[in-house]
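Colleague: What follows is each chain in one-letter form.
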Amino acid sequence: MNVESDNRKSSLKLSIVERFTFTVGLLTMSLVMTETPIAPILSIVLILFLKAERIGWLQILRFLLIPLVFIAVGLISIVLVLGVDEPDTVFVISKKYIPLSITLESLRMGEVVLWRSFNALLSLYFLIATTTPKEKNLLAIKLHLPQEMVELGILSYRYIQVLQKKKEEIRLAQQLRLGYTSYRKSFRSTALLLSTVFIYSAYAFRLNHQALLTRGYNGQLYFNSENNATVERWWLIVLFILLGATLILTYNYYF
Amino acid sequence: MESILELKNVCFTYPRSSKGLYNVSVCIPEKQRIAVLGLNGAGKSTLFLTLCGVLKPKSGEYYIDGKQFKFTKKERLLLGKQIGYVFQDPEVQLFAVTVYDDIAFGLQNMGVTESEVKQRVEKYMQFLNITHLKDNAPHELSYGQKKLVAIAGVLVMEPKVVILDEPFAWLDVVQEENMKSMLEKLSPQGMTIVMSTHNLDFAKEWADYGIVLNEGECVEEGEMKQLNIEELIHANH
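Going down the list, the sequences are from chains A and B. Under this note's numbering, the first residue of the first sequence is numbered 1, with each subsequent residue one higher. Under this note's numbering, the first residue of the second sequence is numbered 1001, with each subsequent residue one higher.
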């Protein structure tokens, strides 16, 4: 996927500051509102927003797949309880060597963590999937982040592309020399691949720095920060903040 | 002539691009020197990646030694024993910490014993005159040296077919001469050598067999002496 393409422009015609405020609001709500039925409703709302931005189901699933694996592994450690004597035990896994059980409280905790993580991921993906690299830089400037951080962001973003391409090329070279014919060989090849990409990043930095110097680099990067596509509607941003704050503050009153 | 590799009516297109291969049928004769010619974007690298099993054609058939290659994961993973591919840019092929480790990579994956790995790596380092680079880091080498290390990494596996994607690209005059003499030395080893190049004079002199591609189609193939390459390339431009 070419992440540098401008295909990720917001279909809802929201400016980057509006989307950022919206995402921060959703993220905060995701982390605060964990009880059913609010958390699943929030998930549905988030998915509807993603669909309104014309993001395909496959793309959403692909994004969620890797973090959800980590969440699932984490959930196991939350749901399992050491000991079998808790009054709210619902299922005993083993009694002999390591006493393990599942309690009502651990299940509830697991559910809370699952909804929190799922909604937080979806709200972040909403921002990622609708933000172009240019808008990312613009947001950093509008938020008055230090110049060094903005430049770091620009270069990091560029390097992700470079290293991704390098990774794909080396992986192909390894594959053609039988580097992935078994699990053992795959582990070795992957380790080599990671170390090479790491070494290459230092090498590429040196080359890139030289290229910058030859073109009159004076310690500051200049880039076009114009954004003619959308203009901030401050009333909408204030509305997002007020709506989010009201929901969060009155949350305990309703539930 | 008996063909070792054969593509029949192969079609391949890249996503969101008109580039690719269109109904390509070519034969790679065994133990011959084959030049694949064509302008940039003619489909030479795509043809090579298809022959290496990396790109799976949308339609058509591929035969290796007369047996149909089905592009299954297992078949594709093991194809490296039979076909070696040297990339146009050696930067993308070298990844180990030292030259020795990089050359030995493929052999170690083939399950060859450590003593034989050592013996074969040294043999090919001598063959390509790069023994003095043994402990150097690949990224420290000159471009020509990197290219030789990349070739050594493929030759050491002793595949039946070696594919070289534009081996003369970005080489200086001296490095180009070294590469030509290396290619001359390679032929008596009994390998089938497939090479793409823009150097038509060298191709005519060196190759036994020629394949001319244009915009993803094979416009001509046959004995090199019988092909009028310049005319074919300019006529299709």
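I should point out that these hints are in silico values taken from the structure, not numbers from a laboratory. Remember, predicted model here, so these are calculated numbers, not experimental data. Cβ coordinates follow ideal geometry from the N, Cα and C atoms, glycine included. Errors might be hidden in some of the hints.
From the structure, some residues in chain B lie toward chain A, with a derived Cβ separation under 7 angstroms [as the list claims (entries may be wrong)]:
1) L1077
2) V1092
3) Q1093
4) F1095
5) T1098
6) G1106
7) F1168
Which chain A residues stay away from chain B? Per the calculated CB distances, all over 12 angstroms, these [unchecked claim]:
8) P40
9) V69
10) I71
11) P99
12) L193
13) S195
No farther apart than 25 angstroms at their CA atoms in a straight line, the calculated lysine to any residue pairs in the SDA-like style are these [claimed, not checked]:
14) K167(A) / D1101(B)
15) K1073(B) / T190(A)
16) K165(A) / L1077(B)
17) K185(A) / D1101(B)
18) K167(A) / M1182(B)
19) K1160(B) / H1139(B)
20) K165(A) / K1056(B)
21) K166(A) / Q1145(B)
22) K1056(B) / V32(A)
Colleague: Now tell me, hint by hint, if it's right for this structure.
Modeller: Now the hints, each set against the structure:
Hint on L1077(B) holds. Least Cβ distance to chain A is approximately 5 angstroms, under the 7 angstroms limit. Contact between V1092(B) and chain A, as hinted, is supported at the beta carbon level, the nearest pair being about 4 angstroms apart and thus within 7 angstroms. A cut of 7 angstroms between beta carbons decides the hint on Q1093(B): the least distance to chain A is about 4 angstroms, and the hint holds. Given hint, F1095(B) at the interface with chain A, holds; its Cβ is 4 angstroms from that chain's nearest Cβ, closer than 7 angstroms.
Because the closest C-beta pair between T1098(B) and chain A is about 12 angstroms apart, greater than 7 angstroms, the hint is violated. Interface hint status for G1106(B): upheld, as the beta-carbon distance to the closest one in chain A is roughly 4 angstroms, under 7 angstroms. At about 20 angstroms, the closest approach between the beta carbon of F1168(B) and any beta carbon in chain A exceeds 7 angstroms, and the interface hint on this residue is violated. The Cβ of P40(A) lies farther than 12 angstroms from every Cβ of chain B, with a closest approach of about 36 angstroms, so its non-interface assignment holds.
The Cβ of V69(A) sits about 22 angstroms from the closest Cβ of chain B, beyond the 12 angstroms cut-off, so the non-interface label holds. With a least beta-carbon separation of about 29 angstroms from chain B, I71(A) lies farther than 12 angstroms from that chain, consistent with its non-interface assignment. The Cβ of P99(A) sits about 44 angstroms from the closest Cβ of chain B, beyond the 12 angstroms cut-off, so the non-interface label holds. Not every beta carbon of chain B lies more than 12 angstroms from that of L193(A), the smallest distance being close to 7 angstroms; the non-interface claim is violated.
Not every C-beta of chain B lies more than 12 angstroms from that of S195(A), the closest at about 7 angstroms, which undercuts listing it as non-interface. Of the supplied pair hints, the one linking K167(A) and D1101(B) holds, its CA atoms being roughly 19 angstroms apart against a limit of 25 angstroms. A threshold of 25 angstroms between alpha carbons decides the hint, and for K1073(B) with T190(A) the separation of about 18 angstroms falls inside it, so the pair holds. Taking the CA atoms of K165(A) and L1077(B), the gap is about 21 angstroms. The hint holds against a cut of 25 angstroms.
Proximity of K185(A) to D1101(B) is assessed by CA-CA distance (about 15 angstroms); at most 25 angstroms being required, the pair is judged to hold. With a CA separation close to 30 angstroms, the supplied pair K167(A) and M1182(B) exceeds the 25 angstroms bound. Taken as a hint, the K1160(B) and H1139(B) pair is broken in the structure, with Cα atoms around 29 angstroms apart against an allowance of 25 angstroms. Proximity of K165(A) to K1056(B) is assessed by CA-CA distance (about 20 angstroms); at most 25 angstroms being required, the pair is judged to hold.
A C-alpha spacing of about 20 angstroms is found between K166(A) and Q1145(B), which places the hinted pair at or below 25 angstroms, so the restraint holds. Distance restraint check for K1056(B) and V32(A): the Cα-Cα separation of roughly 49 angstroms exceeds the 25 angstroms cut-off, and the hinted pair is therefore not satisfied.
Checked against the numbered hints above, the structure violates hints 5, 7, 12, 13, 18, 19, 22; every other hint is satisfied.
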